[in-house]
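All letters in the sequence shown, in the order written, are residues 6 to 286 by our numbering.
Treat the hints as calculated values from the structure; they're not laboratory data.
A couple of the hints might just be wrong.
[Claimed, not checked] No farther apart than 20 Å at their CA atoms in a straight line, the calculated lysine to aspartate or glutamate pairs in the DMTMM-like style are these:
{"#": "1", "residue 1": "K28", "residue 2": "E198"}
{"#": "2", "residue 1": "K174", "residue 2": "E146"}
{"#": "3", "residue 1": "K216", "residue 2": "E251"}
{"#": "4", "residue 1": "K94", "residue 2": "E146"}
{"#": "5", "residue 1": "K174", "residue 2": "E140"}
{"#": "6", "residue 1": "K149", "residue 2": "E251"}
{"#": "7", "residue 1": "K28", "residue 2": "D8"}
{"#": "8", "residue 1": "K115", "residue 2": "E146"}
{"#": "9", "residue 1": "K94", "residue 2": "D129"}
{"#": "10", "residue 1": "K94", "residue 2": "E112"}
{"#": "11", "residue 1": "K216", "residue 2": "D258"}
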Amino acid sequence: MRDCLRGAYEMHVHTSPDVTARKCSDLELARRFRDAGLAGALIKCHYADTAARAALLNEQFAQLHFAGGVTLNNSVGGLNPEAVAASGKMGGRIVWFPTMDSRSYQEFRKQNGTPGADPSRCIDVLDGRGNLVPEALAVLETAKRCGMLVGTGHVSAAEGLALARAGAKTGCQVILTHADNPADVYTTDQQREAAALGAIVEHCYFTTYYKRTPIETIAAQIRAVGVERVILSTDFGQPQSPYSDEGLLQYADLLAAQGFSDAELGMMFRDTPARLLGFER
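Could you put together the complete structure from these sequences and hints?
Laid out in structure tokens, this is it:
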């Protein structure tokens with residue numbers, strides 16, 4: 006394990022139980038992280054709250070720190086501030102705006118000929134005039150009250166920037182979810198704008214591993230935004246993907262080859278995630 010990953014956090018991983026097959030369970034992830042010298046993870050599920058699962062892991066693995074939250078897809082009522090409040094009461098650390106049920110994401114899938122893509126039941130974050138819908142504002146206000154992070158999910162870059170602007174006014178810490186993913190790609194200028202508003206830019210190894218975004222592009226975007234405004238994760242959990250701890254190491258190696266120092270990588274893999282999750286030591 007590289008020194009920059011000792012005590013690092015995985016900020017985006019999908020584990021079982023889930024509605025779809027996953028690489029490993031919560032328990033297997035925790036055992037692997039303990040053995041690898043990692044510090045913990047933020048567990049994500051598209052369709053169910055993960056706060057309670059994280060709490061159970063924290064009871065069983067006292068040396069690790071896990072966090073969870075809720076994703077605002079149709080399974081929890083869409084842009085539902087009550088779901089956010091309930092997650093917060095259970096210790097949820099983050100609310101992600103719609104992912105699989107985002108209109109932008111379903112339209113992207115349809116344009117790419119993905120079977121089953123259906124924009125008819127999708128969730129809109131902006132109204133016809135380009136303003137955030139009242140429900141989205143209520144979610145931000147609830148997240149602020151509960152002390153939760155706000156992830157942009159799979160909404161479009163225009164929607165994500167609207168959330169970053171409103172989040173700055175509300176006092177929410179916004180994270181641009183996998184900002185380089187072709188499904189919701191943010192230009193470098195858009196990433197810099199969001200960072201200037203106080204948002205954090207997330208880059209996931211998934212897009213590089215599956216040859217959707219070259220590592221050189223990731224490196225250039227990080228340099229343009231600044232390492233202090235970036236977090237690095239994998240977005241792994243797919244059965245065909247490497248394990249999360251393996252992915253973090255591969256990502257670190259590739260970025261080191263792009264000229265990032267151990268101190269810079271440590272900030273993006275460990276220090277900033279620890280601060281965001283409230284696990285600073």
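- request: Any hints from earlier that this structure breaks? Give me their numbers in increasing order, please.
  value: Those not satisfied are hints 1, 6, 7, 8, 9, 10.
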